[in-house]
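Colleague: Here's the letter readout for the chains.
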Amino acid sequence: MARYLARRLLLMAATMAALSIVCFAIIQLPPGDFLSARLAEMAGTGDTVDVANVAWLRAQYGLDEPFIVQYWLWISGVVGGDLGFSFELRMPVAEVIGERLGISLTVEILAIIVLWAIAVPVGVYSAVRQYSIGDMAATLFGFIGLAIPNFLLALLLMYLSYIAFGVTIGGLFSPEYVDARWSAGRLLDFLGHVWAPVLVIATGGAAQIIRILRANLLDELSRPYVDTARAKGMAEWRLILRYPVRVAMNPLVSTVGWLLPTIISSSIVTGIVLNLPTLSPILLRSLLAQDMHLAGGLILLIGVLTLLGTLLSDILLAWLDPRIRLG
Amino acid sequence: MLTRSGDAAPRGPRRPTGTESPWALVWGRFRHHRLALVSGVILALLYLSAIFAEFLAPGDPQAYNARYTFAPPQSIHLLDRDEDGSLVFRPYVHGYAVTVDPEAMRRTFAIDPDKKHPLRLLGRSEPYLLMGFIPMQRKLLTIEGQGTPLLLLGADRLGRDVLSRLIIGTRVSLSVGLVGVVLSLAIGLVVGGLSGYHGGLLDLVVQRVIEFLRSVPTIPLWMGLAAALPRDWPPLTIYFAITVILSLVGWTELARVVRGRFLALKTEDYVTAARLDGASDLSLVFRHMMPAFSSHIIAAASLAIPAMILAETSLSFLGLGLQAPIISWGVLLQEAQNLRSVATAPWLLWPAAAMIVAVLAMNFLGDGLRDAADPYAT
Numbered sequence: 001m002a003r004y005l006a007r008r009l010l011l012m013a014a015t016m017a018a019l020s021i022v023c024f025a026i027i028q029l030p031p032g033d034f035l036s037a038r039l040a041e042m043a044g045t046g047d048t049v050d051v052a053n054v055a056w057l058r059a060q061y062g063l064d065e066p067f068i069v070q071y072w073l074w075i076s077g078v079v080g081g082d083l084g085f086s087f088e089l090r091m092p093v094a095e096v097i098g099e100r101l102g103i104s105l106t107v108e109i110l111a112i113i114v115l116w117a118i119a120v121p122v123g124v125y126s127a128v129r130q131y132s133i134g135d136m137a138a139t140l141f142g143f144i145g146l147a148i149p150n151f152l153l154a155l156l157l158m159y160l161s162y163i164a165f166g167v168t169i170g171g172l173f174s175p176e177y178v179d180a181r182w183s184a185g186r187l188l189d190f191l192g193h194v195w196a197p198v199l200v201i202a203t204g205g206a207a208q209i210i211r212i213l214r215a216n217l218l219d220e221l222s223r224p225y226v227d228t229a230r231a232k233g234m235a236e237w238r239l240i241l242r243y244p245v246r247v248a249m250n251p252l253v254s255t256v257g258w259l260l261p262t263i264i265s266s267s268i269v270t271g272i273v274l275n276l277p278t279l280s281p282i283l284l285r286s287l288l289a290q291d292m293h294l295a296g297g298l299i300l301l302i303g304v305l306t307l308l309g310t311l312l313s314d315i316l317l318a319w320l321d322p323r324i325r326l327g
Numbered sequence: 001m002l003t004r005s006g007d008a009a010p011r012g013p014r015r016p017t018g019t020e021s022p023w024a025l026v027w028g029r030f031r032h033h034r035l036a037l038v039s040g041v042i043l044a045l046l047y048l049s050a051i052f053a054e055f056l057a058p059g060d061p062q063a064y065n066a067r068y069t070f071a072p073p074q075s076i077h078l079l080d081r082d083e084d085g086s087l088v089f090r091p092y093v094h095g096y097a098v099t100v101d102p103e104a105m106r107r108t109f110a111i112d113p114d115k116k117h118p119l120r121l122l123g124r125s126e127p128y129l130l131m132g133f134i135p136m137q138r139k140l141l142t143i144e145g146q147g148t149p150l151l152l153l154g155a156d157r158l159g160r161d162v163l164s165r166l167i168i169g170t171r172v173s174l175s176v177g178l179v180g181v182v183l184s185l186a187i188g189l190v191v192g193g194l195s196g197y198h199g200g201l202l203d204l205v206v207q208r209v210i211e212f213l214r215s216v217p218t219i220p221l222w223m224g225l226a227a228a229l230p231r232d233w234p235p236l237t238i239y240f241a242i243t244v245i246l247s248l249v250g251w252t253e254l255a256r257v258v259r260g261r262f263l264a265l266k267t268e269d270y271v272t273a274a275r276l277d278g279a280s281d282l283s284l285v286f287r288h289m290m291p292a293f294s295s296h297i298i299a300a301a302s303l304a305i306p307a308m309i310l311a312e313t314s315l316s317f318l319g320l321g322l323q324a325p326i327i328s329w330g331v332l333l334q335e336a337q338n339l340r341s342v343a344t345a346p347w348l349l350w351p352a353a354a355m356i357v358a359v360l361a362m363n364f365l366g367d368g369l370r371d372a373a374d375p376y377a378t
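Just so you know, the protein sequences line up as chains A and B, in that order.
Be aware that the first sequence starts at 1, since it is given in this note's numbering, and climbs by one per residue.
Be aware that the second sequence starts at 1, since it is given in this note's numbering, and climbs by one per residue.
These are computed hints drawn from the structure, not numbers from a lab.
Warning: the hint list may mix true and false statements.
[What the hints assert, rightly or not] So, partial list: chain A residues that the calculated Cβ filter (under 7 Å) puts toward chain B:
| no. | residue |
| --- | --- |
| 1 | 18 |
| 2 | 146 |
| 3 | 158 |
| 4 | 162 |
[Claimed, not checked] Residues on chain A that point at chain B, a partial pick, calculated with CB under 8 Å:
| no. | residue |
| --- | --- |
| 5 | 17 |
| 6 | 19 |
| 7 | 26 |
| 8 | 29 |
| 9 | 261 |
| 10 | 268 |
| 11 | 307 |
| 12 | 310 |
Idealized CB from N, CA, C, for every residue including glycine.
Please construct the entire structure, taking both the sequences and the accompanying hints into account.
Modeller: See the structure below:
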């Protein structure tokens, strides 16, 4: 276990390094740098430009140094918790992120729970009752998840709830609770809002899981051991849940880490469309404004969180399933 | 069992069954996949309408008319009554009766049953260039009567014809997938081929790179790269830059398939035989190995196209992909970004319907191709 863990940690460190270089390259890609963009904007609005301040900032971020030096300055700051400065929001990037990270993670974890809660029973049912109405409905649902991107699903959900109930869904809190402290009322209000994004994010991933689980379980159900157990008089559902489902779940569980990038991607798009107080709208805003320090920091953070999540699920798996440790 | 290469297909008179060419066998299998066949026809129609978009679009997709902001769709009436009351086949649409609600400052459109505008097939239109170089003066469907636009799918915020924009947008949206897949395929073939054929250190490095790209959420990566594109680039450059960005991740799946196939084929007897026969690496790869799995590659590529189309639409919808004046389905859906627009003009969602149909058809076609790809499997 220790060796496996060490190898995984080493691999993740290398991946994180590669990720940080990619993120920094994204920060650097637009022509000019953030200071020149900011200066042009300030000159345009007639603001006075503090020459000394600018020179200090240029030196601070090493804007005249070569790429590798700038990268080093940036990454050593990041490791120390200084993600740079958002020129759009006039706040340190770390503060912007800190405000919204908790909500982002909550929505994503809820979505993952709901995803499995939907996908596993539906997948099992549609394999056990192959070609039944329920199975066809599940297949249809699968195709919908395949063909409708998250932004459209969110949009359709908003539209349908508007024409059906006259309610606009969006955001995570009613106006009176936005800045309130956590209380029972705020929690209820949160739950009354959070179902929409959670449902949208879960639908995209669930479709894929249902398809895989159904195919795996269909293979298992025709195995002789199932017949044997049935011949011995075991109760049908107990039999199914006890043996073939466990085997069919295995490949799914072992690839659970691969699901995470998909979930994160879809939560970003959903967060933007439904205007949630998560990191997603900030990411979009910073990208549109080419506020690259904020954007790069966010992308790095999202990537690192994904890698951590994947690592966590892999460790969990190695702990649960002894066969995987060698792999 | 030995896998024959495509070159060994029998020529000349038809031989008895059992010696049909691999492609004939693939086609034979594919034909039985009804859903895939229907999808193939739908896709052919979609791509044809992308090619002849200017001819099919009833109006100018960029022409705006503030008088028709959010005008609802007109419906086509096929039969008309003559003066003597008998029914004749003469398709027409009604005109609009526009009233401005002074309180809400909104136009309300009602159908004006007195105004009938006959439709004409292949009628004269403003001169235009089909595909950018064939001068034409006729369109598939034109309306008679000056001043009344033909808005079969309604109008958008600026009074532009949604149907015309949808048809023109087909061109960009469907071609992004094709161009992107060609790019991904080129990278995937070379990288995956080298990795699978050579193995060793190269394989190790390539595998790590692929794992890295797959472990990072694609949407933020794409968003970052797309946002970093200079704003002053001409539309065509942006279009190609976006397809390159989409291919950056897209190639990994294809490379994986190619590598797997190479690994599986490398130890086949006939490949060893060809090598012992003195075949060079190049001829080994291109003459002996590639033909054995080209059908698999086609299937994998066809399944990669819809993912590209979805990605382009999502990026453009967020305002990070293609931008007006380019028209793509994603750009069109930007108009439907807020609930207010969608609630007043649900017909703005038609591009989404088109996209769902295209993506589903491509997935079914890809599934059919994948099932048919290996005609020797039992």
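Colleague: Please go over all the hints and tell whether each is borne out by the structure.
Modeller: Hint check:
1. Because the beta carbon of residue 18 (chain A) sits about 5 Å from the nearest beta carbon in chain B, less than 7 Å, this interface hint is met.
2. The interface hint given for residue 146 (chain A) holds, since its Cβ lies 6 Å from the closest Cβ of chain B, which is under the 7 Å cut-off.
3. Given the 7 Å rule on beta carbons, the hint for residue 158 (chain A) holds: about 5 Å separates it from the nearest Cβ of chain B.
4. For residue 162 (chain A), the interface hint holds, since its Cβ comes within 7 Å of a Cβ in chain B; the closest pair sits about 6 Å apart.
5. The closest approach between the C-beta of residue 17 (chain A) and any C-beta of chain B is roughly 10 Å, which is over the 8 Å cut-off, so the hint fails.
6. For residue 19 (chain A), the shortest C-beta to C-beta distance to chain B is roughly 6 Å, which falls under 8 Å, so the interface hint holds.
7. Against a cut-off of 8 Å between C-beta atoms, the interface hint on residue 26 (chain A) holds, since the closest Cβ of chain B lies about 4 Å away.
8. Using the Cβ-Cβ criterion of 8 Å, the hint placing residue 29 (chain A) at the interface with chain B is satisfied: the shortest such distance is roughly 3 Å.
9. Below 8 Å, beta-carbon pairs count as interface contacts, and residue 261 (chain A) has one with chain B at about 4 Å; its hint therefore holds.
10. Against a cut-off of 8 Å between C-beta atoms, the interface hint on residue 268 (chain A) holds, since the closest Cβ of chain B lies about 5 Å away.
11. With a cut of 8 Å, the hint placing residue 307 (chain A) at the interface with chain B holds, because the nearest CB-to-CB distance is about 6 Å.
12. Evaluation of the residue 310 (chain A) hint against chain B yields a held restraint, the C-beta minimum of about 6 Å falling below 8 Å.
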